[in-house]
Amino acid sequence: MPSLIELSHWLTANASLILPAIAIIAFVESFAIAGIVVPGVALLFSAAAVAGLAGIPLIEVLAAAFIGAVLGDVISFYIGRAFHDRLPLTWPFSKYPNALQEGERFFEKYGTYSVVIGRFVGPLRPVLPLTAGVLQMSPTKFILINLLSAIAWAPAYILPGYLGAEITQLATQNRDITYALVLVLCLIIAISLLWLSLSKQRAKPFVYFGSIFTLSAIAFSSIAYLNISGMLDGFDVWVLAKALTVRDTLFYSFFVFITLLGDQALLILLFLICVASLATHKQYKHAIYFALTGITVAGFTHGFKYLFNTIRPDHLLGALSSGAFPSGHTSGAAVFIGCL
Numbered sequence: 047m048p049s050l051i052e053l054s055h056w057l058t059a060n061a062s063l064i065l066p067a068i069a070i071i072a073f074v075e076s077f078a079i080a081g082i083v084v085p086g087v088a089l090l091f092s093a094a095a096v097a098g099l100a101g102i103p104l105i106e107v108l109a110a111a112f113i114g115a116v117l118g119d120v121i122s123f124y125i126g127r128a129f130h131d132r133l134p135l136t137w138p139f140s141k142y143p144n145a146l147q148e149g150e151r152f153f154e155k156y157g158t159y160s161v162v163i164g165r166f167v168g169p170l171r172p173v174l175p176l177t178a179g180v181l182q183m184s185p186t187k188f189i190l191i192n193l194l195s196a197i198a199w200a201p202a203y204i205l206p207g208y209l210g211a212e213i214t215q216l217a218t219q220n221r222d223i224t225y226a227l228v229l230v231l232c233l234i235i236a237i238s239l240l241w242l243s244l245s246k247q248r249a250k251p252f253v254y255f256g257s258i259f260t261l262s263a264i265a266f267s268s269i270a271y272l273n274i275s276g277m278l279d280g281f282d283v284w285v286l287a288k289a290l291t292v293r294d295t296l297f298y299s300f301f302v303f304i305t306l307l308g309d310q311a312l313l314i315l316l317f318l319i320c321v322a323s324l325a326t327h328k329q330y331k332h333a334i335y336f337a338l339t340g341i342t343v344a345g346f347t348h349g350f351k352y353l354f355n356t357i358r359p360d361h362l363l364g365a366l367s368s369g370a371f372p373s374g375h376t377s378g379a380a381v382f383i384g385c386l
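For the sequence shown, position 26 (counting from the first letter as 1) is numbered 72 according to the numbering used here, and the numbering increases by one without interruption.
Don't take each hint at face value.
Derived pair list, reagent style SDA-like, types lysine to any residue, alpha-carbon separation capped at 25 Å [what the hints assert, rightly or not]:
{"hint": "1", "residue 1": "Lys351", "residue 2": "Val381"}
{"hint": "2", "residue 1": "Lys187", "residue 2": "Leu146"}
{"hint": "3", "residue 1": "Lys288", "residue 2": "Pro359"}
No wet-lab data here; the hints were simulated from the structure.
Using the sequences and the hints, build the whole thing.
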């Protein structure tokens, strides 16, 4: 098998074969048993990175991975249905009896959910579609769940390589972006390490939550500085260009739906419903907590928007008067889910 570097060089020299290669790798990575032998994750990462550097639209790369993964799973499923009574005795499945047994135990434990969970669990991924067929799962149900789970699987396996390669290339061309990315990475590492070190001190809530609040404030301040200093302008332009590539595609409606889940009007309605429901059940303390939290996050978000006055891009379908940073959708949705 060629090394990842050799594969990258070959795909770079044969750009027209990048999408078929991604589809084939996704197919093999999902196909019965073969996915155990083939390092599909590493191959997909490398191929996606080459696709990003070659300027192939992200939507096409995701579609290639999606199609390959779905075909690999569906064919594996029907192989399991056709040979369910003699599969453990048939080569090459007879060489991996433990994998088949583990797949059956996992499927019996989680049922239908195992098709979704198994797609993201390395050793089980190429076995569970086969197991679902052996156990005579409904084809209609399997194909529907397989299609829906593949929508999440494709970005999870493609985006790290595709975007990572472009961000790395962008950073090498812009020193400010390099500094910004390094700073953000250091912050993430520092916060993660401190979170782990404080996890053993949860009996001291003031120390624990005080430290988390302080670190969060430092992280927000750092990102705000990068934003207002212009160090992220090049990165913003790159992200906007990527976002515009999905406009007028099937993904567009999906992203609009996700965005509207954080819409201010909807969040206000949800907060009011929760407050009213808690008050009706005489949970006044929690009702006040919900109300004050909602008011606080709205006040801080709009206050920071006014303070930073970050101009929104001029590609929006509808003009918005408020600033772009920080995101009201993100803060409102995060706090509402946190309250729940």
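Evaluated hints:
1. Proposed proximity of Lys351 and Val381 is supported: the alpha carbons are some 17 Å apart, at most 25 Å.
2. For the hint linking Lys187 to Leu146, the alpha-carbon distance of about 21 Å falls within 25 Å, and the restraint holds.
3. Straight-line distance between C-alpha atoms of Lys288 and Pro359 comes to about 13 Å, which keeps the hinted pair within the 25 Å bound.
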